[in-house]
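Q: Residues per chain are reported as follows:
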Amino acid sequence: MIYDLQIEIPYLLTLLLVVPLVGAVATAAMGGKRERYAKYVAGAFSAATMLLATVLLFTKDMGVYDESYSWIESAGLRMSYILHVDGLSVLMVFLSGLLVFLVTLFSSREGDRPNCFFALLLAMEVGLMGVYMSADYFLFYIMWEVTLIPMFFMISWYGGPRRHYAAIKFFIYTHVASVVMLIGIFALVFQSASGGVADFSFQAVLNGQFSDTFQAMVFLLLFFGFAVKMPAVPFHTWLPDAHTEAPTAGSVLLAGVMLKMGSYGIIRICLEALPQGAEHWQWLIIATGLVAIVYGAYACIAQRDLKKMVAFSSISHMGMVMLGIGCLSEAGIQMGIFQMFAHGLITAVLFMVCGLAGHNIGTREIPLLGGLASKMPLFAFFMMFGFMASLGLPSLVGFWAEFGIIFSFYEYASSNGMLWLIAFCLIALLLTAGYYLWAMQRTLFGRLTSKIDLSHVHDISRPEAAALGILCLLIIAFGFWPQAAFDFIEPYVGSLGAI
Amino acid sequence: MFVEYTWLVPLLPMICFVAVGLIGKRTPEGGAYLAIAGAAASCVISVLVAYEFFTSAAYHDPGYVTAEIEWFKIPGGFTLHFGYYIDSLACLMMLFASFISTLIFVYSKGYMHEQGAKKRRYYAEVSLFLTGMLGLAVSSNFLEMFVFWEIMGLCSYLLIGFWSFSHPEGDDAADNAASAAKKAFLVTRLGDVCLMAGLFVVLYSFGSLDYVRVFDAAAIHAVDQDMLVLGSLLIFGGVIGKSAQFPLLDWLPDAMAGPTTVSALIHAATMVKAGVYLVARCYPLFAQASEVMLFVGIIGGVTAFFAATMALNNMNIKRVLAYSTLSQLGYMFLALGAGGYLIALGIETGDHHLIAAGAAGYVAGCLHMANHAFFKALLFLCSGSVIHAVGTEDMRKMGGLHRKMKITSVTMLIGSLSIAGFPFFSGFWSKELVLETVMHASDYGAEGYLFTILWLLAVVTAFMTAFYMFRMWFMTFSGKPGHASEHCHGESPASMTAPLAILSAFAIGFGFTILFGFDALLSIGVEGPHHQFTVGAGEAKGFEYLSDIFGSAYTYLTIALVLGAIGIAHLMYNKRSVDAGRFNGGGESFVYKALTKRWWFPQLYDQISWKLGYGVARGVDFIDRQVVDGTVNGLSNAVAGGGELIGKAQTGDVRSYTWAVVAGVVLLFALMLALFYFIGGGI
Amino acid sequence: MDSSIITDLFREFTPMAPMLVMLLGALVMPAVSLGYKRRGGVAAVSLAAIAASLLINAVLLASGYSGEYGGLFGYDAFSGLMILLFQSVAFLAALVSASSTETTRLHFGAYSSLLLAATAGMMFVATADDLITIFVGVELASITSYILAAMKRKDPRAAEAAVKYVIIGGLSTAMTVYGLSMLYGVAGTTSLDGIAASLSTAGFSWAFGIAVVMMIAGYGFKIAAVPFHMWAPDVYEGAATPVSMFLATGSKKLGIVVFFKIFLLLFVAGSAVASFATEEVQYAFAIVAALTMTIGNVVAIAQTNIKRMLAYSSIAQAGYILIVMAVMSEYALTGGLFHMFTHVFMKGGAFLIVGALICVGVGEKISDYRGLGRRAPFLAFAMLVFLFALAGIPPLSGFTSKVILFSAAIFDGDGVMTQWIWLAFVAVLNSAISLYYYARVAKAMYIEKGESEAKLKVPAPFLAAIAVCLALTVILGVYPQLLLDFCADAASALFG
Amino acid sequence: MIPIEAYLAFAAILFAIGAYGVLAKNNTIVVLMCIELMLNAANINFIAFAAYSADAIGQVFVIMTITVAAAEVAVGIAILLNAYRAKGTIEASGLKSMRW
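Chains as they are written, first to last, in my numbering: chain X, 1 to 499; chain S, 500 to 1182; chain U, 1183 to 1678; chain D, 1679 to 1778.
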């Protein structure tokens, strides 16, 4: 294991929460005349967080890490401050740290109240890190909701013309889902209570005994909560709106790591705590995944807004994650997790590129664009790279995930005599190539558009190119050596085993 | 000692790709020398590897040599590897791909000289393209092969769309190129998706994708035969896409939108050959079932015929060549299909002779692939030379170029003779072998009669091939100069003509290798449930082929047809004593229209993709906006509207409040009564 | 802690000590107002009275004192905690009243006196062990608050609000008394313990059913439970904002305390008897709770006046607390008590901000709050926190208390699933709906641009009160244990 | 002896009459008077129960109620006066500036 460097930093996980939190406060304080320097402060803190998150990869036991303190113990409740990182979360933590740093770098041109902007980014990072690291339902839920608020403000302050509608819709819709999930969490925690004490820690719930009916019922509650976040069709409509209106940085984080909270939750909570429930509803998970894959791909074709198209593609690709999980096999779950990571990297590139289109050209309407490759070669390169990675070009990271997921699904379908279901995946792969290529044909290639004024259009700036470049390198690196990620995921999936 | 360095073969072009991409701007000719050096080095290593493989007795026993490292694992006991697998087929591919590519790169230096800053992109992309092909050739397993397969797909997309923006000939041409590139990628993607499904079948059935583990008698026995057929057909689906076979043949003519050198690469050395390679590679799987091979043969025969018809009246010099490629690829599949059919029957019945006859088909297919690589590269480069000189692709504007471009015209004539199957040119040998195998196949099995039909199609195709090739040659080089020809300033530079000369030599001579042991080198293990046999097995038939070919009356028939076709072309387009318009009803006849409209394939594709793609997408989008999102918005509006409605009850008049209180009390009473009734705990 | 100082001083009156101090303050207040020309002095004295009372209560509560007086009043962990709640409300109200431009200037002494008296009334109810003391305490609080509602300068809306308040209040009193008379008739005694004892042998009767319905209606008015809620938006809108705050956070809790006292005591004590219709009453409460929270939230969406919106939100919050009455478990009561406290600070804080802004000329319309994020950053931020806390966004106090309250609807303390899970669903969905109108205010404050950009400077007492609320809203969210143990003790004290 | 049901019925009727007045009357002073009627209905109940069970507490309660009622009416009338001064009317229909 090339990663096993045995680095140890005390309170590493807590630091991952505290550093961005302090950063958020410090950045927010850079108001008024100092706001020019806000980005440097934010950059420093996000870089520090990213470094810590990277260090986590090199710690003992492949990133498995624990911190635990008692928090509330009263009225028959026990909530604890437990942070835990394992193979499932370590990549997500790394991804969160990476993407926040990169969007900070990417957004360095932000001129409207930059202190608030970057503070919101860092605040979001706190929530994201918290979700992926907490091992206590109370803490988990808190962090889960904490991510909403910065995103709400991010969209409503820095968003597009329909930002109010989109922000409120995002906020309410996902909140409704969370509260339903909360009920599921209550059910889990209190059902597993022993000795009159309801312990909110993951471990306590794992020790609980649940009947099959209970598992099936509670699974649905939790699954709904997570499915909205992912988002699964038909609970997805908040996403295209949120993405279309959100600023680039917001979209990147939303698609890159926030959607993964849903799939993370399904694995971490639904599968770990409710294995029988998962088995009972396996058809539902698979159906949801399949529908999302095909529906999302089809919806992409009809979109005129580049960003909305990418948003729908996220739905399709997260459907892949769902499908992988739905196989309930080690391979499926491992590849699902890998797809979460892969999609995080790729979609970040896509949203950055779409954001650049909106920012540099002034419109993201595909019919208005055309021939941009001659005007903005670097932009064209990154866009093409992102699209190719997203449509699953072999040797890039997305392909392995999709290959693995569809193969696991093949195993499932084959052993259940439903091989024809594979056709849906294959159709979706084709459609994916279709909408990306069509979009490229209409935006990058062909005649240079005369529908918009291109005289002030300039290519990508250095920080933006740097952010995109780093992502592209990672996409290639993990594409050539997916085992580097599998090394983390495998032990976790192995421990999940029983399914 | 060289075989261990096989991995350098695809790696060197890869390094060139990176190097050209990063520093190409700073080197002369935008990285041309780097790319040429990379390709040449690959070629040299290929030669060394092949030499060692063919000469060293150590490799003869299993017929292959492989080495691999663990790449990654999929839980459930699936380990995927990365490595090389060298056998005679891989050597053949590796050799002609790297060799021809080197020549094409050299040629490009002259051809692309005026492209300025775009050169860097060009050389980077062709290097990557070559990586794809060489990697594909030496891959040790299906998945690795698939990776290179797709890299090649990407490169073809990029190169076909090389002029998809700021096209020197204007915006329409750019739009065209963009559309062609998309079409090429999407159609091949359709095949790739099938191929991927095939890989799933293989991986699931065999538990591995490594060639050594899949092409193993014991493993093949253990697998469910239905799944084997399914997997084979799906893999062949990928081939249909990549090699532009019927019915996915439409993208290749459009792909002419790229630079001519790219066409040469795609048609001769790489891309479309990958399909043929894959079928040849998967022979052990395919040949387990005669229906699979029959299918391969039918697709090949039909493609050969259809593509040839479309070339008959085309006026674009590159498109004619493109159709000829399709047609020749059809021959290859026909040969492989017929040979495989015989082998499959042989395996079923245990008849050694059938297997030996089938082996001839395999050899014929591979030989035709190699021959075609040389003469098609030659033809495309010649046409490039012409286009370079006259600045148009329309043959009607050419003519009389023979005097101005001597080398080009002669080499092109050699290429045309070779492809037409003129006796003793290399194309002749392989084509005759193909026809012979097909003829042979028609004698066996329940579906043998189908091969009779295919044979007829193939012979007619041979006739048409000779006709349209010479039509093209005459229209271009003989007769009166067209008005584009007048701009011609003479022969192309040496960097372009030198590769032409080298390729002509191969176009003439490579076919003779069949007499000197080509069939012996090309051996492949085919194993079946009842019988195991190794084709080739190192025993060359050598000059027996001469008696085989010239001992058959059919050979003379085809020779006569070819000569006749050349004669007709001469009369119609050189002497102009026969008016070509007589045969097409002045452009009004059904057949003529069908040919110009490419048998309506493009319209069909457009309609299907539009309806199934965009049409459905619009429906989904409508549902998404109106139904799914409509429900969400409707719910929220209902809540807000309900709030307003209930709020209206608050009239401000205190009496309405007292009413509410009293009504509340009454309702509470009613509620309590109801509860008592339903719960029944009470009084 | 040792409570001997207080027990020595008050001897057998110790259970009533905090109220007595408060009452004393109320009585001397008119005299004090003669001495001070300015409101500040009067306010200081009333604050001192409240502080003294608070101190006494704190000592008693912390020392775990319990005692009773003549079977009429009893001090235990529950009543101590509730007294603390009422005192906190009174403290916040008294702190800001003097600096508010809405409250009366001329009659400030009377105003302060009434405020203290109303608080004293509430505190009496918290300790009351007898129907008579409950009744008198409630009326003391009610009648004084009618007047408080009317005491607003230059606003005819206050006069109108007071009329509505007094009429609906009177009607409710009549119903309550009628119900109490029935209860008395059934049980033959007014002592709560006595009633419980006699009912557990007598079982259920029609007369008792009438009593239950009448009491739900009568005290439902105090809580503003649907459909007895309609006065609340008008009164909260019309009254001076400090008074609105006092009513929304204090007076409402009074009704709930009565519910806890009477119903929990009766039904939990009586549920041992098979014929006792506990389940029916629980269902009735569950339906009332569901209606209350739903209608409160849904109508709040349609409001444009922020005080009315907060009023409806208070109605909804009362609905959440009524879950306790449906579930009737000790764990639920713990959650309910905790939520009552968190509600004081988050809703109180929100009202205080509205009041503070009125003082500096910002209107009551939500649209008047546009651009507040720049004009008054602290107030806007505090408002955001309060509203998000009300919506139940973690890690604020509203979330933590809702977690306990709602989970109580799903499970009783022993981890057995209850039949009230549907109520929890209604509650969480409502909680989500409520986010809509809270977010609208947030949007107005932070996202929309206002006409004016001028910075706002609000009176210092308001700032202090808001800061206290803000601090407690956050602290009780992240470290609920601070109060949760007391709530658990109080719940077990009530359940005995 | 008159059965207790008679008292209770009388009180109920009285209560209903009061409630009717509260619901129907536009003049808020009349409404206040009707509320008094309802309170007195409750008082009758108390007295009746007290008498039949020979328990003095009921009578104590009645005294309390009467006191409270007096206070409430006093306050009520004052509030109405205040309203009259502010709005020029004490009709319920005239006091509806706050609604919805």
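Mixed in with the good hints there might be a few duds.
What the hints assert, rightly or not - Derived contacts from chain U toward chain X, CB cut-off under 10 Å, selection only: (1) Phe1192; (2) Phe1195; (3) Glu1512; (4) Cys1541; (5) Phe1570; (6) Gly1574; (7) Pro1576; (8) Ile1586; (9) Ala1591; (10) Phe1607; (11) Gly1632; (12) Ser1634; (13) Ala1653; (14) Ile1657.
Read the hints as simulated data drawn from the structure, not as lab findings. Glycine residues also receive a C-beta, built at the ideal position from the N, C-alpha and C atoms.
Q: Taking the hints in turn, state whether each one holds.
A: We went through each hint and held it up to the structure:
Hint status for Phe1192 of chain U: violated, given a least beta-carbon distance of 31 Å to chain X, over 10 Å. For Phe1195 of chain U, the interface hint is violated, the least distance from its beta-carbon to any beta-carbon of chain X being 32 Å, above 10 Å. Annotation: Glu1512 of chain U was flagged as interfacial toward chain X, and the flag holds, the nearest CB pair being 9 Å apart, inside 10 Å. Evaluation of the Cys1541 of chain U hint against chain X yields a violated restraint, the C-beta minimum of about 26 Å exceeding 10 Å.
A distance limit of 10 Å between C-beta atoms decides the matter here; for Phe1570 of chain U the minimum to chain X is near 7 Å, and the interface restraint holds. Among the interface hints, the one on Gly1574 of chain U holds; its C-beta lies about 8 Å from the nearest C-beta in chain X, closer than the 10 Å criterion. Contact between Pro1576 of chain U and chain X, as hinted, is supported at the beta carbon level, the nearest pair being about 4 Å apart and thus within 10 Å. The interface hint given for Ile1586 of chain U is met, as the beta carbon of that residue sits about 7 Å from the closest beta carbon of chain X, less than 10 Å.
With 10 Å as the threshold, the beta carbon of Ala1591 of chain U comes within range of chain X, its nearest partner Cβ sitting at about 9 Å, so the hint holds. With its C-beta approaching chain X no nearer than about 7 Å, Phe1607 of chain U sits inside the 10 Å limit, and its interface hint holds. The beta carbon of Gly1632 of chain U comes no nearer than 15 Å to any beta carbon in chain X, farther than 10 Å, and the hint placing it at the interface is violated. Annotation: interface hint on Ser1634 of chain U violated; nearest CB of chain X at approximately 19 Å, more than 10 Å.
A cut of 10 Å between beta carbons decides the hint on Ala1653 of chain U: the least distance to chain X is about 17 Å, and the hint is violated. Because the closest C-beta pair between Ile1657 of chain U and chain X is about 12 Å apart, greater than 10 Å, the hint is violated.
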